[in-house]
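A.B. asks: Input sequences plus hints: build the corresponding full structure.
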Amino acid sequence: MKTLNKTNVITAVVLLIGGLSPNLASANSARDTIISGFSSVAELPVSAERGKALFESSPAAGKPDTPSCTTCHGASPMTSGMTRAGKPIEPMAVSVTAERFTDLKKVQKWFRRNCKSVLGRECTAQEKGDFLTFMSSR
Amino acid sequence: MSDLNKNLKVWDLPTRVFHWSLVILVAVGLITGFISPESWMGIHVWAGYGTVLLVIFRLVWGIFGSEFSRIETFSFTIKQLIAHINELIFLRPLHYIGHNPAGAMMIFALIFFLFGISTSGLLVLGGEENQGPLAGAVNFQVGDMASEVHTTLVFILMALICFHITGVIIEIYLTGENLVKSMIDGYKVIPKGKTAPEIRPSRPIAAASFLLAFAILSGSVLWAFSTMPPSGIIQMAANSDYATECGDCHEVYHPSLLPLVSWAKLMGDLEDHFGEDASLDQDVTNNISEHLNVYAAEAWDTEASNRFSKVSSDAPYQISATAYWQRKHTDIDPEVFKRNGIGGKGHCVSCHSDAATGHFDDQNIKIPES
Chain A
14 MKTLNKTNVI TAVVLLIGGL SPNLASANSA RDTIISGFSS VAELPVSAER GKALFESSPA
74 AGKPDTPSCT TCHGASPMTS GMTRAGKPIE PMAVSVTAER FTDLKKVQKW FRRNCKSVLG
134 RECTAQEKGD FLTFMSSR
Chain B
483 MSDLNKNLKV WDLPTRVFHW SLVILVAVGL ITGFISPESW MGIHVWAGYG TVLLVIFRLV
543 WGIFGSEFSR IETFSFTIKQ LIAHINELIF LRPLHYIGHN PAGAMMIFAL IFFLFGISTS
603 GLLVLGGEEN QGPLAGAVNF QVGDMASEVH TTLVFILMAL ICFHITGVII EIYLTGENLV
663 KSMIDGYKVI PKGKTAPEIR PSRPIAAASF LLAFAILSGS VLWAFSTMPP SGIIQMAANS
723 DYATECGDCH EVYHPSLLPL VSWAKLMGDL EDHFGEDASL DQDVTNNISE HLNVYAAEAW
783 DTEASNRFSK VSSDAPYQIS ATAYWQRKHT DIDPEVFKRN GIGGKGHCVS CHSDAATGHF
843 DDQNIKIPES
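Those sequence lines, one after another, are chains A and B.
Just so we're aligned, residue 14 is where the first sequence starts under my numbering, counting upward by one.
Just so we're aligned, residue 483 is where the second sequence starts under my numbering, counting upward by one.
Read the hints as simulated data drawn from the structure, not as lab findings.
Treat the hints with care, as some may be off.
[Said to hold, decoys possible] For lysine to aspartate or glutamate, the following EDC-like pairs were computed, each having C-alpha atoms within a straight-line distance of at most 16 Å:
1. B:K810 to B:D844
2. A:K122 to B:E733
3. B:K848 to B:E520
4. A:K119 to B:D723
5. B:K827 to B:E733
6. A:K122 to B:D836
7. A:K118 to B:D723
8. A:K122 to B:E817
9. B:K810 to B:D843
10. A:K119 to B:D759
11. A:K100 to B:E733
12. A:K118 to B:D763
13. A:K119 to A:E135
14. A:K100 to B:D730
15. A:K118 to B:D765
16. A:K122 to A:E140
17. A:K76 to B:D754
18. A:K119 to B:E817
19. A:K76 to B:E753
20. A:K122 to B:D759
21. A:K122 to B:D843
22. A:K118 to A:D45
23. A:K122 to B:D763
24. A:K118 to B:D730
25. A:K119 to B:E727
26. A:K119 to B:D765
27. A:K119 to B:D730
28. A:K122 to B:E753
29. A:K76 to B:D751
30. A:K76 to B:D759
31. A:K118 to B:E727
32. A:K100 to B:E727
33. A:K65 to A:E140
34. B:K827 to B:E817
35. B:K663 to B:E680
36. B:K792 to B:E780
C.D. replies: In structure tokens:
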């Protein structure tokens, strides 16, 4: 370990942070923009608690095969889920899948489809903001 | 060797090797055609190639072989054949040193049907499977008709084999001569009072030259055919919307697996897509629809494109609801589809490794064990 002198370590750390941080920073800021887009039109301030409750609820108000989010996404946002057709779904927790919720078009598409499948209606801006806040906190 | 009878070498080595090789290849062909899983189709095809080579060899050896291998020595007239059958009816057949008239007829019939089976098999391989030297020359419809001919001829062949074996047993019983042993060691017993004819030797060099010439000629013809690209397979442009939007939730099915009307209906029904809302933005929907319009089943002539075009009227865009799909998977236990390595009936690629290309070759079937 003698070859690992202080300068090398510092250089490595600087390079590492320098290499990663712009991506993480831009991912974070893109996601923040999306969440604030929802929260700006929501009635209440967004809440991770309500997002958690929505994720774990089982409304069974949409299509019969998809009574809840967890049907496909799995019981925890930290773990992978699986589509009904057998394709793996990456965990939704941002701490596990860093690029989650950074593309507004994608976010809108999946909210539209999956809310209709599970809730039988489109989600409100409030629900979307809560949900993303919960996933960002995980 | 008794004083009265003597042994005579009747069947030369190539004829005996031919006979038993043919027995093995026909057995392999029947087993891989009727019993073993479809993934063994490669072996079936090789048994077919082997059979046709043996049949051609036998015809050539029928000219250049030693005395009793020559076709002329067992070419009988109809009169002789009827006389022989009469003898059989009265259970007193005359002794023939080589093939008797009934046996000779059987040889001609077997060779005729084996040739027909091999030829029709090659047409099925090229037409239905898009494989082999005729993949480019034969379309699906011809291959499909050849398939029925192939099966019919095989049933006739099986009947002939039964007659052949029965005939041999009857002759053994009536003449007391072990014909099976003769076909193994080549010797037959010459009864007293019968003089052995002059035995002309084989002409192996002439036979080999003839076979070589034939192999070069037929090989070149088949090779020329094989350079044609497989018929009914077109180049498909990549479409990233199709790959990602459909592929997010399930396997990306090859567009050739459903006809135009089914794809159109599926794209119109996306809000209720197999129990989920799978609607897309209008521009993405249009782009995918355009792709499907160009590359739906009608644009192809593969086995899958032809078979799955006959969709179920109840579920016109569910491939696993087609009669063909159900017939082909009827022997598979429903539990098998629940295995982790498979993940349901909609996951073709779990067992058909070439599903993404739309080929679905029999040889590429492998069912995961768990």
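A.B. asks: Take the hints in turn and mark each one as holding or not.
C.D. replies: Right, here's what the structure says about each hint:
Proposed proximity of K810 (chain B) and D844 (chain B) is supported: the alpha carbons are some 11 Å apart, at most 16 Å. The hinted pair formed by K122 (chain A) and E733 (chain B) fails the criterion: a straight-line CA distance of about 20 Å is larger than 16 Å. With a CA separation close to 10 Å, the supplied pair K848 (chain B) and E520 (chain B) stays within the 16 Å bound. Proximity of K119 (chain A) to D723 (chain B) is assessed by CA-CA distance (about 13 Å); at most 16 Å being required, the pair is judged to hold.
Under the criterion of a C-alpha separation no larger than 16 Å, the hint pairing K827 (chain B) with E733 (chain B) is consistent with the structure, at around 11 Å. Restraint check for K122 (chain A) and D836 (chain B): the C-alpha separation of about 31 Å exceeds 16 Å, so the hint is violated. Between K118 (chain A) and D723 (chain B), the direct Cα distance comes to roughly 14 Å. Compliance with the 16 Å bound is thereby established for this hinted pair. For a cut-off of 16 Å, the pair hint linking K122 (chain A) to E817 (chain B) is broken: about 35 Å separates their Cα positions.
With a C-alpha separation of about 13 Å, the suggested pair K810 (chain B) and D843 (chain B) falls inside the 16 Å cut-off, and the hint holds. As the CA atoms of K119 (chain A) and D759 (chain B) are separated by approximately 15 Å, the hinted pair is consistent with the 16 Å bound. Note on K100 (chain A) and E733 (chain B): the hinted pairing holds, with a Cα-Cα distance of about 8 Å set against a maximum of 16 Å. With a C-alpha separation of about 10 Å, the suggested pair K118 (chain A) and D763 (chain B) falls inside the 16 Å cut-off, and the hint holds.
Restraint check for K119 (chain A) and E135 (chain A): satisfied, since their Cα atoms lie roughly 15 Å apart, inside the 16 Å limit. For the hint linking K100 (chain A) to D730 (chain B), the alpha-carbon distance of about 8 Å falls within 16 Å, and the restraint holds. The suggested pairing of K118 (chain A) with D765 (chain B) holds, with an alpha-carbon distance near 13 Å, which does not exceed 16 Å. For the given pair, K122 (chain A) sits about 15 Å from E140 (chain A) by alpha-carbon distance, which is consistent with the 16 Å threshold.
Between K76 (chain A) and D754 (chain B) the CA atoms are separated by roughly 9 Å; this keeps the pair inside 16 Å, and the hint holds. Pair hint K119 (chain A) plus E817 (chain B) does not hold up; C-alpha atoms about 36 Å apart against a cutoff of 16 Å. With a C-alpha separation of about 11 Å, the suggested pair K76 (chain A) and E753 (chain B) falls inside the 16 Å cut-off, and the hint holds. For the given pair, K122 (chain A) sits about 10 Å from D759 (chain B) by alpha-carbon distance, which is consistent with the 16 Å threshold.
Taking the CA atoms of K122 (chain A) and D843 (chain B), the gap is about 37 Å. The hint is violated against a cut of 16 Å. A distance of roughly 15 Å separates the Cα atoms of K118 (chain A) and D45 (chain A); the hinted pair therefore holds under the 16 Å criterion. Note on K122 (chain A) and D763 (chain B): the hinted pairing holds, with a Cα-Cα distance of about 8 Å set against a maximum of 16 Å. For the hint linking K118 (chain A) to D730 (chain B), the alpha-carbon distance of about 15 Å falls within 16 Å, and the restraint holds.
The straight-line distance between the Cα atoms of K119 (chain A) and E727 (chain B) is roughly 10 Å, inside the 16 Å bound, and the hint therefore holds. The straight-line distance between the Cα atoms of K119 (chain A) and D765 (chain B) is roughly 14 Å, inside the 16 Å bound, and the hint therefore holds. As the CA atoms of K119 (chain A) and D730 (chain B) are separated by approximately 11 Å, the hinted pair is consistent with the 16 Å bound. Simply put, K122 (chain A) and E753 (chain B) have alpha-carbon atoms about 12 Å apart, close enough for the 16 Å limit, and the pair holds.
Annotation: proposed proximity of K76 (chain A) to D751 (chain B) holds, straight-line Cα distance about 14 Å (limit 16 Å). The straight-line distance between the Cα atoms of K76 (chain A) and D759 (chain B) is roughly 8 Å, inside the 16 Å bound, and the hint therefore holds. Pair hint K118 (chain A) plus E727 (chain B) holds up; C-alpha atoms about 13 Å apart against a cutoff of 16 Å. With a C-alpha separation of about 13 Å, the suggested pairing of K100 (chain A) with E727 (chain B) holds against the 16 Å cut-off.
Only pairs whose Cα atoms come within 16 Å are accepted, and K65 (chain A) paired with E140 (chain A) is accepted, the gap being roughly 10 Å. Between K827 (chain B) and E817 (chain B), the direct Cα distance comes to roughly 11 Å. Compliance with the 16 Å bound is thereby established for this hinted pair. For the proposed pair K663 (chain B) and E680 (chain B), the alpha carbon gap of about 23 Å is over 16 Å, so the pair is violated. Only pairs whose Cα atoms come within 16 Å are accepted, and K792 (chain B) paired with E780 (chain B) is accepted, the gap being roughly 12 Å.
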